[in-house]
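Visitor: What follows is the residue order along each chain.
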Amino acid sequence: MSKSLNLLAGTALAAGLIAGPAMAEKLGLGRAALPEEIAAWDVAVQPDGTGLPEGSGDVLTGEEVFADKCATCHGEFAEGLDSWPVLAGGEGTLKDRRPVKTIGSYWPYLSTVFDYVHRSMPFGSAQTVSVDETYAITAFLLYSNGLVEDDFVLTRDNFTEITLPNADGFYVDDRPETEYPLFSGAACMTDCGAEVKVTKRAVDLNVTPEDPDGRPAGTLPALTMAAAGTAAPAEAAASEAATEETATEEPAAEEAATETAAADPALVEAGQKVFKKCAACHKVGEGAKNATGPHLNGVVGRTAGTIEGFKYSKPMTDAGAGGLVWDADALTAYLENPKGFVKGTKMSFAGLKKEEDRAAIIAYLGTLAP
Amino acid sequence: MTDEPATKHVPGASRRKFLKGSAALGAGVIAAGTARAEGPDPLITEVQDWANAFGDAVDAAPYGTPIHFESHVVRRNVEWLTESPVSSINFTPIHALEGTITPQGCAFERHHSGAIELSKSDYRLMINGLVDTPLVFTFEDLTRFPRSSMVAFCECAANGGMEWGGAQLEGCQFTQGMIHNMEYVGVPLRVLLEEAGVKPEGKWVYAEGADASSNGRSIPMEKALDDVLVAFYANGEALRKEHGYPARLVVPGWEGNMWVKWVRRLGVYEHAVESREETSKYTDLMPDGRARKWTWVMDAKSVITSPSPQAPVRHGKGPLVITGLAWSGHGKIAKVDVSLDGGRNWQEARITGEAKPKALTRFHLDIDWDGSELLLQSRATDETGYVQPTKDALRAIRGLNNVYHNNGIQTWWLKSDGEVENVEVA
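Chains A and B are the protein sequences, given in the same order.
In case it helps, my numbering puts the first sequence at residues 1 to 370.
In case it helps, my numbering puts the second sequence at residues 1 to 426.
Please note that the accuracy of each hint is not assured.
To be verified - For lysine-lysine, the following DSBU-like pairs were computed, each having C-alpha atoms within a straight-line distance of at most 35 Å:
| id | chain 1 | residue 1 | chain 2 | residue 2 |
| --- | --- | --- | --- | --- |
| 1 | A | K276 | B | K281 |
| 2 | B | K332 | A | K197 |
| 3 | A | K273 | B | K120 |
| 4 | B | K241 | A | K273 |
| 5 | B | K241 | A | K197 |
| 6 | B | K293 | A | K276 |
| 7 | A | K95 | B | K281 |
| 8 | A | K95 | B | K203 |
| 9 | A | K354 | B | K241 |
| 10 | B | K281 | A | K289 |
| 11 | B | K203 | A | K26 |
| 12 | A | K277 | B | K281 |
| 13 | B | K335 | A | K200 |
| 14 | A | K311 | A | K273 |
| 15 | B | K241 | A | K277 |
| 16 | B | K241 | A | K289 |
| 17 | B | K120 | A | K277 |
| 18 | B | K241 | A | K26 |
| 19 | B | K281 | A | K311 |
| 20 | B | K281 | A | K273 |
| 21 | A | K197 | B | K335 |
| 22 | A | K277 | A | K343 |
| 23 | A | K346 | B | K241 |
Note that these hints are calculated values from the structure, not bench results.
With the sequences and hints as input, model every part of the structure.
Guide: Laid out in structure tokens, this is it:
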């Protein structure tokens, strides 16, 4: 009885959904969002100051926090290391062939700086900058762009008094007026101009990723009849041979493989996940190069500060010269508190507070061949 | 304009119009044919392994992946483009694909803080701000709303951005490959907004992702209520992790950065948030030093996907299939023209299959290639009458620092030996 009633109700609901007007009726799905939930997720700050939390921060504090949390990528003076974003300078370059788009030269709103730093930075450790620290970093970035003095204190109350230099540098998309009329005539089909010649060739720049044969990466293989018939066996044979070779003729590799097998696979896997916190700065795997940090292939058992081509801090080089080797104990201590273990290290990573994370990552690092 | 044979639409006379020495064409084809038939083909005369032994059992691959012969058909990135691969982009191998639907496994990715793992059970979607009732939905809640489906292209605003200053990368995977096209199923954003009840002063929806970048973009209410989808299926199956599993925004016709992945919050506000991604990035610097903002729509564009630098012509002269893609954020593709001489003369290509609005459209042109050098171009016209411009026409207005929204005509230089280069002509 009640079952058939439910069925009837269900049919009525379905019919209602199909009819157009009923679409606007609420289905009663979901639940009310709680104030604490909204407060946790809605941290957006808008140009008029909507969403700014209570708090403040001064330039000098900002300089310290920035040096600690941001400078590894953005540089001590917000000048940007390698290709990481430059945050200061660039005034008057927007018409240049190489414009430098910074907070001072390009960004229209200060709210964007606060909003982005607070919920998306630092890269790889998002949402770890407190409100007051965010005010301080924002104040420091104003200072490094020459927009405030070094005694400036940014607060929720004076926030909207700041206008960035390029605030009027933007206008709403005008393609419908400035481009579409030009590009909407009937297209010419014949004799649409003089004969053309090649004026620019991509090959001259030579920046395309390549396959081993020198062709652009991903070039389709030739489809000759012979290749189609023999590719599979040949490939299989080659890989079999390679396996054999590794197993019999390279004891070192075999040893390494055994060692890897001995490590707890679950721990290694867990470590690989934890390593995501490090991967923004440290490269690993075949052909890994130094980046913001040195590459970590073979780091376990390596003497500290000895990867060629990486510019270590002096304290790190000194530690290596003094005999510091990255064994499990040293890595555990360093990863727990980098700046405490090697005072003055360039690595601006807060550290791994959980013991299991440290153990996992060391197990993972141990699998990386030099 | 459906998928009828090319000869009906491209009469021999016009097809040969741009080819030199067309009389020799037939001879070339016959020569190639005879060369292949010098003796009996052992692939036919001898019993092959696959013809007398077992292949894989049905339990060999519960979820199949492409056969290894196709291992070159993968997403690729350009390492020097970005400082870190977790805030970077890779490219769809469009040179190796046909039809219009992009397989998820090789559809380009753009992450700002890496592709995260977010389960359906841990998923929450919040709608708050200027609404009658701020709401939280679970994934299961989403599955109980009426669904709709659509095919839509997703193109990064920076697709072709490296080509503003001139030809730079060899291959349409790299020059036009920040694009994919999938069939989505999900809940219209309008339905979810109506469930919460948008207040009259709510003019913008700020969509934000659950990943560490919390990439967020402001979408005007008119678009949000029009055709935006909170999608959880793509090409018939769940979204892939790298495309926002379990739910992402689909914003048809608009730049890919707005298609927020792992969408966790929809904030309804009176004004645009002016987030980092809509001020310092995804704004288009003009020659006068000012910048366009809110350049959301992707204008009409096309590219020949084969022949192209990664898809050279290896079969010699004779019948040659020219295939490519066209799309417009303003609606349907009305026609595509192809030039063999760098834009002096054009002929209309065949639209193969249905031209859907704001979706990739496939075009073909079948020619008899006489082996002479060609400067291949394609030019899309959409249903609004907009004609894809040349790169020079765009640069005349936007200068060289625009970065985004490069929808200029691409030129491929097909040489006599079948190799293809990315070039510019004048």
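Visitor: Now tell me, hint by hint, if it's right for this structure.
Guide: Here is what the structure says about each hint:
| no. | hint | verdict |
| --- | --- | --- |
| 1 | A:K276 x B:K281 | holds, 25 Å |
| 2 | B:K332 x A:K197 | holds, 33 Å |
| 3 | A:K273 x B:K120 | holds, 20 Å |
| 4 | B:K241 x A:K273 | holds, 15 Å |
| 5 | B:K241 x A:K197 | violated, 45 Å |
| 6 | B:K293 x A:K276 | holds, 34 Å |
| 7 | A:K95 x B:K281 | holds, 17 Å |
| 8 | A:K95 x B:K203 | holds, 34 Å |
| 9 | A:K354 x B:K241 | holds, 27 Å |
| 10 | B:K281 x A:K289 | holds, 28 Å |
| 11 | B:K203 x A:K26 | holds, 21 Å |
| 12 | A:K277 x B:K281 | holds, 25 Å |
| 13 | B:K335 x A:K200 | holds, 28 Å |
| 14 | A:K311 x A:K273 | holds, 27 Å |
| 15 | B:K241 x A:K277 | holds, 19 Å |
| 16 | B:K241 x A:K289 | holds, 27 Å |
| 17 | B:K120 x A:K277 | holds, 24 Å |
| 18 | B:K241 x A:K26 | holds, 31 Å |
| 19 | B:K281 x A:K311 | holds, 31 Å |
| 20 | B:K281 x A:K273 | holds, 30 Å |
| 21 | A:K197 x B:K335 | holds, 26 Å |
| 22 | A:K277 x A:K343 | holds, 21 Å |
| 23 | A:K346 x B:K241 | holds, 34 Å |
Taken one by one, the earlier hints fail for this structure only at number 5.
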